[in-house]
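Novice: Please model the entire structure based on the sequences and the hints provided.
Taken in order, these protein sequences are the chains called F and Y.
By the count of our numbering, the first sequence reaches residue 180 at its end, each step adding exactly one.
By the count of our numbering, the second sequence reaches residue 546 at its end, each step adding exactly one.
Derived by calculation from the structure, the hints in this document are not laboratory data.
Check before you lean on any hint, since a few could be wrong.
Okay, derived cross-link-like pairs now, DMTMM-like style, lysine to aspartate or glutamate, Cα gap no bigger than 20 Å in a straight line [stated by the list, open to error]:
1. Lys496/Y <-> Asp115/F
2. Lys465/Y <-> Glu543/Y
3. Lys401/Y <-> Glu177/F
4. Lys48/F <-> Glu264/Y
5. Lys443/Y <-> Glu177/F
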Amino acid sequence: MLEQRLEQLVENTVVSLPEAHTGLVLVVLVGFSFSLSHVFSLLANRLKPRQILFHVLLDSLVLAAALLIASFINMVLIALHTQLLVEPKPLFNAIGAALAPGLFHVLVAAPYVSDLIAIAIWVLIHLNVITLVHLRFGLPYAEVVPLVTPGYVVALVLIALLFRSSWRRSYDRLASEFRA
Amino acid sequence: MGTSAPHIQSQVHRHRANWRGLVVVLVLAVVIALVGVSRMEALLRDLVSLSILRQVGIGIGLFFLILIPLTGIYSVVSQYAFWEGWLEGIPQPAELLQANARHEGGQQVRRFVIYLDGIHQQEKDHPPRVSAFLEELKQRLDDDHRLVRDLETYTFLPVALADDSGSAWFWRRLFHWQEHHPNGFVQLLAAVLVQANNVIKVGASSERRDGPIRNYELALKITLRLAEEGFDPSQGSELVLLGYSGGGEMAMGVADYLRSICKVPVQIITFCGAFSGDQLRERTKQVTLVVGTRDPVAAFGRIAYPGRLPLLPFSKWNKVCRQGLVQREVIAGMNHNGNRGPFSERYRGEVVGRVLDVLRQTERAG
Chain F
1 MLEQRLEQLV ENTVVSLPEA HTGLVLVVLV GFSFSLSHVF SLLANRLKPR
51 QILFHVLLDS LVLAAALLIA SFINMVLIAL HTQLLVEPKP LFNAIGAALA
101 PGLFHVLVAA PYVSDLIAIA IWVLIHLNVI TLVHLRFGLP YAEVVPLVTP
151 GYVVALVLIA LLFRSSWRRS YDRLASEFRA
Chain Y
181 MGTSAPHIQS QVHRHRANWR GLVVVLVLAV VIALVGVSRM EALLRDLVSL
231 SILRQVGIGI GLFFLILIPL TGIYSVVSQY AFWEGWLEGI PQPAELLQAN
281 ARHEGGQQVR RFVIYLDGIH QQEKDHPPRV SAFLEELKQR LDDDHRLVRD
331 LETYTFLPVA LADDSGSAWF WRRLFHWQEH HPNGFVQLLA AVLVQANNVI
381 KVGASSERRD GPIRNYELAL KITLRLAEEG FDPSQGSELV LLGYSGGGEM
431 AMGVADYLRS ICKVPVQIIT FCGAFSGDQL RERTKQVTLV VGTRDPVAAF
481 GRIAYPGRLP LLPFSKWNKV CRQGLVQREV IAGMNHNGNR GPFSERYRGE
531 VVGRVLDVLR QTERAG
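Specialist: Below, the structure is given as structure tokens:
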């Protein structure tokens, strides 16, 4: 029964995700904003302009995929917990809208205030998703938080891993200036 | 006899301002007469209603919330453009001092004291009070010490803000307004914008992502200047970074890079310094803080950079403190600037004296 439900959910998701235009566009735009916020790490790695553009676009898609994975995890947990029929298309569209504060993530590139801006944006995103699930499925907040937090954590970890490796390479390059 | 050109110019400005004011008043009077007083009253009441004021306030707040990070982003763009080699070519550290290494003869300089100015700096020439301070320091330094001054601390290329690539047009206009605009408020605003730019640079220096490259570029600039001053790594000279206010942060940031490039010990002395200490390494020879008991900016630095608080014992700053590398000299009653600041007549001599005492102490300690 559980397997059947999961299978059905995955099938519905694969079929209806390309139709969730609003959500997809927003997720890609948020991914692009995230990618732009770390463009200086690409410059720090002394990449050529074309390489920088390629990396920005590639990172945008990777980050958008991370956000979609996180959204899918949320959806699976909600489906398993509520026994309700979860329609992927409207939910993805709505989650895309909940990610809208991420459009300002490009401002995290600013020095000194970056942590403050990043924390504010991530908190807003999480609160938006919690509120969305609470209103759409009528679940109390105490039940919603453990349902949406795993997906949120997965997104955070994936994004942090991507950016951390980029900056680390740039510091290695700086250290090589002294060895040369 | 006769009036000077600036005097005539200021009178002309004043007359123009008076005429403009008169025209504005006449226009307002005509508008009120046409629209009617009661209608104007109703309109004004709507405009200053609480909901509209709130919306305007929110709009202005959002504007600054976005403007400030955008300004910060713009200020670091040029440092990365330089790092990429898109601006005039970045020098290689190994080549910087080679010419001096081959040079023989000349007076041996045991210590180079490099002055890094505060956020008020807009060009390489220091303000009169700072110049007087540096003159006194230079006169009282030992003969085998050389003072390196007039460094543009907040640009990475060896140019002043007015020649900074990409933004020279903006800075030149700003400096002109700061010096010559007839409106005092505009002059003040221009001065604030210059200092805000330098504050952002201090923030970038302390930032864990942008700081390393920014500090490295400033270290290259300082090394270039040292090469011009005849610094030769083989002569066993030492470097002393003397930083005032934001210059303290820059000194902390470049010390380790200078040590690696110049291969000599580096010591830091800050007075009224505002810094994070995050870039410090245990390889710095010594750090001396000269602080005034009435300096709010230096005290604010501990809040702006929580790594300096004892609450975070594993921060780089606290590690260096535990190793006994940090010494503190307190001057009672000294403020951050102005008539009770370190460059004032009252405290200048004392600050210079403390700096010299520190230099002699570290010399004896070897």
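Novice: Could you grab the alpha-carbon distance between lysine 443/Y and glutamate 177/F and see if it respects the 20 Å cut-off?
Specialist: holds, 14 Å
Novice: Within 20 Å, alpha carbon to alpha carbon, are lysine 465/Y and glutamate 543/Y?
Specialist: holds, 11 Å
Novice: Is the Cα-Cα distance between lysine 496/Y and aspartate 115/F 20 Å or less?
Specialist: Distance ~19 Å between lysine 496/Y and aspartate 115/F Cα, so the pair holds.
Novice: Quickly compare the C-alpha distance for lysine 401/Y and glutamate 177/F to 20 Å and report which way the hint goes.
Specialist: Given pair lysine 401/Y, glutamate 177/F holds - Cα atoms ~15 Å apart, limit 20 Å.
Novice: Does the alpha-carbon distance linking lysine 48/F and glutamate 264/Y stay inside the 20 Å limit?
Specialist: Given pair lysine 48/F, glutamate 264/Y holds - Cα atoms ~8 Å apart, limit 20 Å.
No hint from the list above goes unmet by this structure.
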